[in-house]
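Novice: Each chain, letter by letter, is given below.
Number of protein chains: 4
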Amino acid sequence: MENTIFSSIAKNFKAVFLDSYGVVKNYNGLIEGVQRSIDFLRSEGIAIRILTNDASRSQEQQYDNFRRLGLQGIEVEEIITSGMLARQFLKHKILNGKIAYLGTEDSAHYILQSGRQSVPVREVNLDDMEAIAGFAFLDDEGFDWNVDINKTINLINRKNMPVIVANSDKVYPVSKNDVSVATGGIAKLVENILNRKFIHFGKPDSQMFNFAFDDLNRSGHFEKTDILMVGDTLATDILGGNKFGIKTMLVLSGNTRPELVDILIGVTGIIPDYIGESIVK
Amino acid sequence: MENTIFSSIAKNFKAVFLDSYGVVKNYNGLIEGVQRSIDFLRSEGIAIRILTNDASRSQEQQYDNFRRLGLQGIEVEEIITSGMLARQFLKHKILNGKIAYLGTEDSAHYILQSGRQSVPVREVNLDDMEAIAGFAFLDDEGFDWNVDINKTINLINRKNMPVIVANSDKVYPVSKNDVSVATGGIAKLVENILNRKFIHFGKPDSQMFNFAFDDLNRSGHFEKTDILMVGDTLATDILGGNKFGIKTMLVLSGNTRPELVDILIGVTGIIPDYIGESIVK
Amino acid sequence: MENTIFSSIAKNFKAVFLDSYGVVKNYNGLIEGVQRSIDFLRSEGIAIRILTNDASRSQEQQYDNFRRLGLQGIEVEEIITSGMLARQFLKHKILNGKIAYLGTEDSAHYILQSGRQSVPVREVNLDDMEAIAGFAFLDDEGFDWNVDINKTINLINRKNMPVIVANSDKVYPVSKNDVSVATGGIAKLVENILNRKFIHFGKPDSQMFNFAFDDLNRSGHFEKTDILMVGDTLATDILGGNKFGIKTMLVLSGNTRPELVDILIGVTGIIPDYIGESIVK
Amino acid sequence: MENTIFSSIAKNFKAVFLDSYGVVKNYNGLIEGVQRSIDFLRSEGIAIRILTNDASRSQEQQYDNFRRLGLQGIEVEEIITSGMLARQFLKHKILNGKIAYLGTEDSAHYILQSGRQSVPVREVNLDDMEAIAGFAFLDDEGFDWNVDINKTINLINRKNMPVIVANSDKVYPVSKNDVSVATGGIAKLVENILNRKFIHFGKPDSQMFNFAFDDLNRSGHFEKTDILMVGDTLATDILGGNKFGIKTMLVLSGNTRPELVDILIGVTGIIPDYIGESIVK
Numbered sequence: 002m003e004n005t006i007f008s009s010i011a012k013n014f015k016a017v018f019l020d021s022y023g024v025v026k027n028y029n030g031l032i033e034g035v036q037r038s039i040d041f042l043r044s045e046g047i048a049i050r051i052l053t054n055d056a057s058r059s060q061e062q063q064y065d066n067f068r069r070l071g072l073q074g075i076e077v078e079e080i081i082t083s084g085m086l087a088r089q090f091l092k093h094k095i096l097n098g099k100i101a102y103l104g105t106e107d108s109a110h111y112i113l114q115s116g117r118q119s120v121p122v123r124e125v126n127l128d129d130m131e132a133i134a135g136f137a138f139l140d141d142e143g144f145d146w147n148v149d150i151n152k153t154i155n156l157i158n159r160k161n162m163p164v165i166v167a168n169s170d171k172v173y174p175v176s177k178n179d180v181s182v183a184t185g186g187i188a189k190l191v192e193n194i195l196n197r198k199f200i201h202f203g204k205p206d207s208q209m210f211n212f213a214f215d216d217l218n219r220s221g222h223f224e225k226t227d228i229l230m231v232g233d234t235l236a237t238d239i240l241g242g243n244k245f246g247i248k249t250m251l252v253l254s255g256n257t258r259p260e261l262v263d264i265l266i267g268v269t270g271i272i273p274d275y276i277g278e279s280i281v282k
Numbered sequence: 002m003e004n005t006i007f008s009s010i011a012k013n014f015k016a017v018f019l020d021s022y023g024v025v026k027n028y029n030g031l032i033e034g035v036q037r038s039i040d041f042l043r044s045e046g047i048a049i050r051i052l053t054n055d056a057s058r059s060q061e062q063q064y065d066n067f068r069r070l071g072l073q074g075i076e077v078e079e080i081i082t083s084g085m086l087a088r089q090f091l092k093h094k095i096l097n098g099k100i101a102y103l104g105t106e107d108s109a110h111y112i113l114q115s116g117r118q119s120v121p122v123r124e125v126n127l128d129d130m131e132a133i134a135g136f137a138f139l140d141d142e143g144f145d146w147n148v149d150i151n152k153t154i155n156l157i158n159r160k161n162m163p164v165i166v167a168n169s170d171k172v173y174p175v176s177k178n179d180v181s182v183a184t185g186g187i188a189k190l191v192e193n194i195l196n197r198k199f200i201h202f203g204k205p206d207s208q209m210f211n212f213a214f215d216d217l218n219r220s221g222h223f224e225k226t227d228i229l230m231v232g233d234t235l236a237t238d239i240l241g242g243n244k245f246g247i248k249t250m251l252v253l254s255g256n257t258r259p260e261l262v263d264i265l266i267g268v269t270g271i272i273p274d275y276i277g278e279s280i281v282k
Numbered sequence: 002m003e004n005t006i007f008s009s010i011a012k013n014f015k016a017v018f019l020d021s022y023g024v025v026k027n028y029n030g031l032i033e034g035v036q037r038s039i040d041f042l043r044s045e046g047i048a049i050r051i052l053t054n055d056a057s058r059s060q061e062q063q064y065d066n067f068r069r070l071g072l073q074g075i076e077v078e079e080i081i082t083s084g085m086l087a088r089q090f091l092k093h094k095i096l097n098g099k100i101a102y103l104g105t106e107d108s109a110h111y112i113l114q115s116g117r118q119s120v121p122v123r124e125v126n127l128d129d130m131e132a133i134a135g136f137a138f139l140d141d142e143g144f145d146w147n148v149d150i151n152k153t154i155n156l157i158n159r160k161n162m163p164v165i166v167a168n169s170d171k172v173y174p175v176s177k178n179d180v181s182v183a184t185g186g187i188a189k190l191v192e193n194i195l196n197r198k199f200i201h202f203g204k205p206d207s208q209m210f211n212f213a214f215d216d217l218n219r220s221g222h223f224e225k226t227d228i229l230m231v232g233d234t235l236a237t238d239i240l241g242g243n244k245f246g247i248k249t250m251l252v253l254s255g256n257t258r259p260e261l262v263d264i265l266i267g268v269t270g271i272i273p274d275y276i277g278e279s280i281v282k
Numbered sequence: 002m003e004n005t006i007f008s009s010i011a012k013n014f015k016a017v018f019l020d021s022y023g024v025v026k027n028y029n030g031l032i033e034g035v036q037r038s039i040d041f042l043r044s045e046g047i048a049i050r051i052l053t054n055d056a057s058r059s060q061e062q063q064y065d066n067f068r069r070l071g072l073q074g075i076e077v078e079e080i081i082t083s084g085m086l087a088r089q090f091l092k093h094k095i096l097n098g099k100i101a102y103l104g105t106e107d108s109a110h111y112i113l114q115s116g117r118q119s120v121p122v123r124e125v126n127l128d129d130m131e132a133i134a135g136f137a138f139l140d141d142e143g144f145d146w147n148v149d150i151n152k153t154i155n156l157i158n159r160k161n162m163p164v165i166v167a168n169s170d171k172v173y174p175v176s177k178n179d180v181s182v183a184t185g186g187i188a189k190l191v192e193n194i195l196n197r198k199f200i201h202f203g204k205p206d207s208q209m210f211n212f213a214f215d216d217l218n219r220s221g222h223f224e225k226t227d228i229l230m231v232g233d234t235l236a237t238d239i240l241g242g243n244k245f246g247i248k249t250m251l252v253l254s255g256n257t258r259p260e261l262v263d264i265l266i267g268v269t270g271i272i273p274d275y276i277g278e279s280i281v282k
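Protein chains in written order, with this note's numbering: chain V, 2 to 282; chain P, 2 to 282; chain Z, 2 to 282; chain F, 2 to 282.
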């Protein structure tokens, strides 16, 4: 573990995996100077993948968002979201029937697509669930928590079927100090009430890293030793990267507070190979 | 453990502790025939206490509710709610300042009374919390979950202070099949997000049983062996009673389904001394 | 919360509850100067109770140990151990049959006494358990972990019966830096494997505080506001005292490291009313 | 979910992943008739991989064991153990220093090989750990639990380093009714005491399935829809297969008791696509 400058580390790798929130952007917009870092990686011929647990927006929407914020040089297909893994699962494992969901129509559109019908929880008739074949936690927005969380609990309790969580993050930051409950947090509440474990997608799960690794290897030859994972969160980015067997760098531009780094590493036992201020410095 | 008739068991004790929901009443009103059971206990001179984790209503309100449903013979002071323990804690441990809360105004009125000011979460100014000295989860109603749960998380995260949960039940039944998230479930979500443990009141905690035991002994002399706890829930009524060292009877008129009793006892290891259909039969 | 001198705080109370390990003694023997503190309390007429989760030794043995270490002025009946609560439970709830246990013969002798037969796990015949009516985790010593932990798991899995944990502490300190797994840690392993929750005795459970409170009130009149709990551990002494509704003081002479106090209080949300170096200063 | 015959299901797939314990063999030796099933798969040209969480023995040792039991037709390289994933991790992530371990010398030999020195916990000097760069839980045998588990706790507590668990199973069966604590159970005890999460290898983690999937694709072209996972345990085999997006079949020849299948599926929400008695019938 060394405190260090991103560029001097990154140049030893053939590819970098970047978390999006806390590394490339935050609640304010782009992290200042991040364009320079992306340009540097491109000029060095280092491959880039963005690995994000944000399942509320498709690749294209995340791409558009980068553009709107003014970031150039990240392509649509370089963005990998946990929603893509959720979609893949649903495609392989649930062949018939409707999927009920908690989330926005938008999130349902891109994750549950593939010719299949989906239905928001509020429209489910608990006394006629014959057609419901699965359930998906997609987003923390788009529904009335007071009503629809209870309905979700009763729906899942009444009918045994696969239940997936498209984004396992429990919270997301909304300002310097404050957070908001994310999809994974709501799913956790329901898991806790029903004493069940749903199927979660997203970092730190190896599947996300493997998806990116396979994708990378379709455009060249990469070994695990060629890749650096950069993230702002020990429990997702660093744990996942460590477990997948690639080098990891923790940056302090997101939700890990600089003054707590040492304590958090000690307490969690999740040890990044490198620590830096941001991908800019 | 024996399958048996309530009256033939109860008559061997000098006092019975009855859970309210699932024993005396349910989502439909009074459990049919329960008046006869109360009358029987009275005629035998057996003392009664109602031990309920419902913290949303005061003793008086619970009493009025029994009356409205048509039940006679339970006195105000025989009703013991987890809210009373929460109130006692606040009185002893938080001497100055306001208490912020999630719940109805009604619940705040009776738990947070005692001359102290209380403030619902929605009215708290996160940038001016000087005066806030504690936080209480009081009820699952009376606030906007989408907004106020997030605000609660940020409030508790910003200011370190005692946080109490007046009712630690995670759900309550709303019909034969369906449940609703209770105060304890919402508190659990927040505990999970913040990785904290709040101070919970209510069964199975010994404090509730001790409160009832002390109260009983102000009107006579009772040993633990003189008391029978009757409840419909293994994890609260029976576990709590067992741990307190009194005999326990599980009744199947509430949320323990008859066909699952044996499995649930095996899985949890919580073993009632007696099992019966209800306090009526 | 104020940083402060023990004696200047204690003199405002009519009684103090003292944790034993980390407050009165440690792995080295008596904490230096502790005799003066006990003498001070006596001279002020302040009642004393020792509340210890050590269930491996009886009141008398703990008393003898204080004497051997050179401490005067603590009487046998002022020592309250979690083992006493376990014994009380067994007496009320298990009327017939043998109790199987993990622990030393000594611990079995004093907890399981009361005319009843007990049997160490190693002597249990798994194919003839008719006579076994309960199980007790008593001590981390006195048995072969490799063999007897597995046997315990199979024993409890085969026969459904009350299982108690006489000391719920997961570890105890054996030197400045090192700890040893305590009874509660071994019980936790078995609970985890069997996905069960046993009946635990000891702080932070209210029962221990209530036992001490009742005992105190047999020799005078004490309100909760008259009592100060002093301990070295947030999760047992301070949480338990807070919940019971009495004032609490954290001392740094035991297993809470001074440099981590603020962080630990922030992380756990367990807030002592006072913090001091030890009961000496 | 359909109750069905293994061969009639398997013939619709191009490859089957078989769990070892409970599917191919058990505490008695080979499951009767299993040779016919392997022969059937071979005759149909269906590819086979054995996916086992047993990390105590190498591929070669597991192969030899199958042979000794009389099973023909499984090749060394078709056996995939969680220990192989642990070894891969150590190779990529721990480049220098010794690895301390709990387990047999044998397990250390094959997992920690690769030119690196390893040291059993009993030989570690806690006051001179400079050279220790990682820790591995390898096996539940080969050490004195009373002594070495405590030493492990203090070792990991004193030095922050990557800690891996080569087999995350908590127990393994030793007879029809009885189990023994496995490596994952011991690791869980230590995680619980230290409040940490180590890096676990083995099913249900996707990494194991991905390893097998990649391996399979080196000898042909396989889609996820071409593969059937067969196992006796919902929480590892079926959950892992489901999450990886392949079809799953639960067999009742191992540790899932036939009379509890429906209840366990309902309680866990882990739903196999097929259920059969064994791979024989």
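In short, the hints are calculated from the structure, not lab data.
Among the hints, a few may not be true.
You can't tell identical chains apart in this list, so a pair holds if it fits in one copy or across any two.
Said to hold, decoys possible - Using 30 Å as the maximum straight-line C-alpha spacing, the simulated DSBU-like pairs for lysine-lysine come out as follows:
hint, residue 1, residue 2
1, 99, 26
2, 198, 152
3, 282, 177
4, 198, 160
5, 225, 152
6, 15, 282
7, 152, 15
8, 15, 177
9, 177, 225
10, 99, 282
11, 198, 92
Novice: First find the shortest C-alpha distance between residue 225 and residue 152 inside one copy, then the shortest across copies, and answer within, between, both or neither for a cut-off of 30 Å.
Specialist: neither (44 Å within a copy, 34 Å between copies)
Novice: For the identical chains here, do residue 152 and residue 15 meet the 30 Å Cα criterion within one copy, between copies, both, or neither?
Specialist: neither (48 Å within a copy, 41 Å between copies)
Novice: Cα distance capped at 30 Å. Does residue 177 pair with residue 225 within a copy, between copies, both, or neither?
Specialist: neither (34 Å within a copy, 42 Å between copies)
Novice: If the cut is 30 Å between Cα atoms, do residue 15 and residue 282 qualify within a copy, between copies, both or neither?
Specialist: within (20 Å within a copy, 51 Å between copies)
Novice: Cα distance capped at 30 Å. Does residue 282 pair with residue 177 within a copy, between copies, both, or neither?
Specialist: within (20 Å within a copy, 41 Å between copies)
Novice: Given identical chains, is residue 15 near residue 177, meaning Cα to Cα at most 30 Å, within a copy, between copies, both, or neither?
Specialist: neither (33 Å within a copy, 47 Å between copies)
Novice: When no copy is named, should residue 99 and residue 26 be tagged within, between, both, or neither for a Cα gap of at most 30 Å?
Specialist: Neither, since 35 Å and 38 Å both go past 30 Å.
Novice: Classify it for me, residue 198 with residue 152: is the Cα-Cα distance of at most 30 Å met within a copy, between copies, both or neither?
Specialist: both (18 Å within a copy, 27 Å between copies)
Novice: How would you classify residue 198 and residue 160 at a CA-CA limit of 30 Å: within, between, both, or neither?
Specialist: both (15 Å within a copy, 28 Å between copies)
Novice: At 30 Å max between alpha carbons, let me know whether residue 99 reaches residue 282 within a copy, between copies, both or neither.
Specialist: Neither: 48 Å inside a copy, 34 Å across copies.
Novice: Are the CA atoms of residue 198 and residue 92 at most 30 Å apart within a copy, between copies, both, or neither?
Specialist: within (21 Å within a copy, 32 Å between copies)
Of the numbered hints given earlier, the model fails hints 1, 5, 7, 8, 9, 10; all others are met.
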